[in-house]
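Peer 1: Given the coordinates of chain H, work out where chain B should sit on it, guided by the hints.
Single-letter residue listing:
2 protein chains.
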Amino acid sequence: MQNIKGAGVCTPLGYLASSVAADIKGNKKGKKDLTLLYSEVPFTLAAVFTKNTIKAAPLKHAIKALETNREFSAIVVNSGNANASTGKQGLEAVDTIVKAFEDELGTGEGSVLMGSTGTIGVKMPVEKVTSSVKELVDELDDANSHDFAAAIMTTDTVPKEIGVLVETPNGAYVVAGTTKGAGMIAPHMATMLCYITTDALIGADNLQNVLNNAVGESFNSITIDNDMSTNDTVFLMANGMSGIIPDIDQFQEAVNHVALELAKMIVKDGEGATKFVTIKVKNAQSEADAKKCAFAIANSPLVKTMFYGEDPNWGRLIATVGASGVAAVEEKIDICFDDLAYVKDGIIIDEKLEEKAAKIMKNDEIEITIDLNMGTFGKTVYTCDFSKEYVSINADYRT
Amino acid sequence: MQNIKGAGVCTPLGYLASSVAADIKGNKKGKKDLTLLYSEVPFTLAAVFTKNTIKAAPLKHAIKALETNREFSAIVVNSGNANASTGKQGLEAVDTIVKAFEDELGTGEGSVLMGSTGTIGVKMPVEKVTSSVKELVDELDDANSHDFAAAIMTTDTVPKEIGVLVETPNGAYVVAGTTKGAGMIAPHMATMLCYITTDALIGADNLQNVLNNAVGESFNSITIDNDMSTNDTVFLMANGMSGIIPDIDQFQEAVNHVALELAKMIVKDGEGATKFVTIKVKNAQSEADAKKCAFAIANSPLVKTMFYGEDPNWGRLIATVGASGVAAVEEKIDICFDDLAYVKDGIIIDEKLEEKAAKIMKNDEIEITIDLNMGTFGKTVYTCDFSKEYVSINADYRT
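Taken in order, these protein sequences are the chains called H and B. Residue numbers for the first sequence follow this note's numbering, so the first one is -17 and each next one is one higher. Residue numbers for the second sequence follow this note's numbering, so the first one is -17 and each next one is one higher.
What the hints contain is simulated information worked out from the structure, not anything from laboratory work. Be aware that one or more of the hints could be misleading.
What the hints assert, rightly or not - Listed next, the stretches of chain B that the computed footprint assigns to chain H, with coverage defined by at least 3 CB atoms under 8 Å from CB atoms of chain H: (1) 13 to 23; (2) 65 to 71; (3) 92 to 103; (4) 293 to 300; (5) 316 to 330.
Glycine included, C-beta positions come from ideal geometry on N, C-alpha and C.
Excised from the complex, chain H in its bound form (with noise of 0.2 Å):
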């Protein structure tokens, strides 16, 4: 397996991509934000979406799709508008959107599926979409990734993309994504939209499961402020075109490591991060309390702004450890910034060890260890820190 460099999502052989500026959100901005994603055959496709239980319209349509086809030839997606909480409106105007789509492109009904972010509640400028569907059938072409990237992004500030090959004794495949993510990242994702292709042959089950265990250790391994959109989707679409039927194992491989490349360019993008930050928990009693314990860590404000103040203060994050309701006990934990040893047995080794701490935490990424030292269990995940910049992002995000 080996990067690709400039990969994107047209990549892969016989996807074809195309964008426009359509004004969805109507501040006349002029950035691109519908954009068609087309496959030359129609590609096998695996989802997953939000948990949350307000799903938007865009998902409520494709989950019905998928309950009969796994089939589909192009996905629409805007970024000005998320089409959650717009009622029955919100779902007619998926509907027009996508027949819409399906006549242009000759693919048939039941062949396109639409992706939707932006805010929640406001209704769907349908006609702006329509009066696009030409331009973007029209405009398809293999060399539009990155313009697909670009016109999915909302507060991200650059796009997130990559491509991998892989060596068969067969021939090559290619595994390539894009996603945006930025603000309300968190366990099962959150506005985040990921669209990962390949020209791997390969089957609908198969391909489910490999995307399944792709998320788990990627998308939701990764948080920023624990929101959960309503939007979240991540699809790997699989349309066969390299011939290559691969090794299960090596595909797996292949897209984990895509998965967790573009879940990582998420956090380091997140809304006013100054810090990539990856929090490690150790030796927990249970499965389960490594992850509650990672994850409080990692979604604590006063942790958070602490990496934003670069102050190695592993008091607030003893505390969170306490504070989580996970098994510990005090004089078991130990905590290392990086590779410096820092607490020892739940107390400081030695004071003077703060200034090397604090070097430490002027880095751009830093790792934090913390062993509970009460079983075997572990777990990673990936966040960054608060900053004054993702309160005006968040405060002043409609203006």
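Peer 2: The following block gives chain B in isolation, referenced to the frame of chain H:
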């Protein structure tokens, strides 16, 4: 029951206080940070402590003392050092300090308890405390309530005090209290110290029941940043000096009132808070759901920044209901901003209402009602917005 203007912990009969600037934190700011509260006759004590599994040394000491004794004469509180995660030295520090006060007061072994708030994991400077013992004892006076309230503050911007007079057929008694809070206020309280005094005459078990009831609806119904400290403590002290044996319901009502008003003061003075927000969840399917949903909304950084930004973005509220995992059906949810019916059956009643809702969001105090229409259970919690100042305070706390 009537409010007593200017009341504090020394308003009930027999309570005296004193405070000094002992430079516990070592930043030489000259703030009074060490304070003594003493009762002329021993008081019966009821107490509630943090549920954090990591507890500060003074709490371990008090919990142990309460196993065999319910009567004490004094409490000493410092606001410069949490004395948490300080190991054996921390416990020995408490022993040394309380013994010094017991000797100077002449109240005997086991008669003094301690409270602490400040940075975790820093050694307690015992000498700075013991060298102030004589001065503190000499200066005890019933005119020092306000000094006591000020001396327990950390990032609080104002002292928090209240007192009520309760009239009975046999005469009157007083319930008064003070608290410090500001950050880390969450379910089960957090870096929160609260001292409630009364001169009513009441047994230890009744006193503890009254306190448990009061805390559930006050300190455990507020949240600032969902963190829970190692030091949280609520004490209810009853020295019986009024001679009045209170009617238990009337006494409960008075303690509830004092606790709730103090809890609200904490939220209003939340770190960086600019708004006081009441979240009312109605008609949940269970008591647990009502609580979970109300706290999920009150703790969501996206919701809290929305209040800071004065943006009536009800979509974030409904998305958080969904993310909370409680039994909810999108099409049944109604939302009011103060008295304004804004969302009905999961969608906005009229987009023109946004202007009215925006006006409500400009107020200093806002009440949000979420009606789930799923059952009969409700919960009200109090919170504040999330501002740039919150991040500043917590990023720079130790500097």
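Peer 1: A separate judgement is required for each hint: does it hold in the structure or not?
Peer 2: Here is what the structure says about each hint:
| no. | hint | result |
| --- | --- | --- |
| 1 | 13 to 23 | violated (count 0) |
| 2 | 65 to 71 | holds (count 4) |
| 3 | 92 to 103 | holds (count 3) |
| 4 | 293 to 300 | holds (count 6) |
| 5 | 316 to 330 | holds (count 5) |
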